[in-house]
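K.L.:
Sequence:
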Amino acid sequence: MEFLNALVFYLMLFVVGSLCLLYRDAPILSTGLLGHVRRFLVECSGRVVPPVLQNIIYNLFKYLLYRRNFVFQLIYVGGCILAHSIWAIDMIPILRHHYPNENHIFWPMCAVLCNYIFWHFAWIDDPGVLNSKNQPNYTRVYDCDEVLYESGKVCSTCQIPKPARSKHCSICNKCVHRFDHHCIWTNNCVGALNHRYFILFMATLLVGLAHGMYVTSVTLLAYAKDVNLFSASFMNDEGQLQQMTLSVAFQHLFMELPRVVFIASAVLVLIILVGIFFCHHLYLVITNQTTNERHKLQELSYHHMLCDPKQNLRSRTNKTGSKCMPNNLSGYRPYSRGYFNNLLEVFLPHNFIIFRLKTKK
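Once you know that position 179 of the sequence shown is 179 in UniProt numbering, the rest is easy, because the numbers rise by one and skip nothing.
Accuracy of the hints is not assured; some may be wrong.
Okay, derived cross-link-like pairs now, DSS-like style, lysine-lysine, Cα gap no bigger than 27 Å in a straight line [unchecked claim]:
{"no.": "1", "residue 1": "K133", "residue 2": "K153"}
{"no.": "2", "residue 1": "K153", "residue 2": "K174"}
{"no.": "3", "residue 1": "K358", "residue 2": "K153"}
{"no.": "4", "residue 1": "K153", "residue 2": "K296"}
{"no.": "5", "residue 1": "K360", "residue 2": "K62"}
{"no.": "6", "residue 1": "K360", "residue 2": "K133"}
{"no.": "7", "residue 1": "K133", "residue 2": "K358"}
{"no.": "8", "residue 1": "K174", "residue 2": "K225"}
It should be emphasised that the hints constitute simulated quantities derived from the structure, not laboratory data.
As the structure is a computational prediction, the values presented were derived from the model and not from experiment.
With these hints in hand, go ahead and build the complete structure from the sequences.
P.N.:
In structure tokens:
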């Protein structure tokens, strides 16, 4: 089981590392036990890694994660090309041999085409960039709740009043209406006008990965059936014949079809990562929250006492003048209008904005 155990260990390590990278700015990773572990690891690495190498790594991460660039888009396209090349070279011949009457090309091509369309729109579409002309209209869409968003705020960079739910993106250097986050995979902000494309991009990616897992599994099982792998025996370390085990069978498949096993392992990891990320964002959509607002609530919860959100701003400040947080912080949803309306707000943003402007005349 050594080979299989090592593979599972490294895959789990990659999943945990990727999740820490995805949620690197989340307060939960900076406070409590996880915060202590994070600071301990940073301290240890600071003592072991030479300062010159530290600067190189820091500047590289700063460029990749906090500057606009096409690196992750190229990685995404390259990964798609690599996966489909392995599918065409290694999997299609086996599938056609075992299932000659089935179409093995149509559904994978549909999945990748749909995913590319939504990825393209999430990349090039306007997320809802604010300027002096459209800012007055965007200001009327949402009211400031005086907890997450205070009225009268002005963006220090763009020098325009900040509508509720907007934020200045330091990467794009623009203020965005209903800002969610900056996506490195689309090299664009996710805002009110392109949030739907981002959700559909993740949904189609998850469907494509699930289909990829199905295709690789069918391919490996077809090959195993072809060579009677599971009914075979092998010689153990004591020189005795033993019935085939899962670990040995997996190792044999890896030796015979290394690229297919690699793709199957990578797809499994990506299903877990994309699945967690998609479920998280779908939850935010149906509760009418943004990633930015979720982070703000988590940050405020660590620094402010709880009080009733329905009180006015003056009564929601303590003697030191610091702002209080609402009671039942986990259920604080100032902009939620019900699950169905929340979905419509994201997937029909222009209609929602027009509706709000008409009702607030």
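K.L.:
Next, verify each hint and record whether it holds.
P.N.:
Okay, the hints, checked on the actual structure:
Taken as a hint, the K133 and K153 pair is honoured in the structure, with Cα atoms around 17 Å apart against an allowance of 27 Å. Distance hint between K153 and K174 is fulfilled; the C-alpha atoms sit about 16 Å from each other, no more than 27 Å. Restraint check for K358 and K153: the C-alpha separation of about 24 Å stays at or below 27 Å, so the hint holds. A threshold of 27 Å between alpha carbons decides the hint, and for K153 with K296 the separation of about 16 Å falls inside it, so the pair holds.
Simply put, K360 and K62 have alpha-carbon atoms about 42 Å apart, too far for the 27 Å limit, and the pair is violated. Note on K360 and K133: the hinted pairing holds, with a Cα-Cα distance of about 18 Å set against a maximum of 27 Å. With a C-alpha separation of about 18 Å, the suggested pair K133 and K358 falls inside the 27 Å cut-off, and the hint holds. Of the pairs offered as hints, the one joining K174 and K225 is violated, with about 57 Å between alpha carbons and a cut-off of 27 Å exceeded.
Checked against the numbered hints listed earlier, the structure breaks hints 5, 8; every other hint is satisfied.
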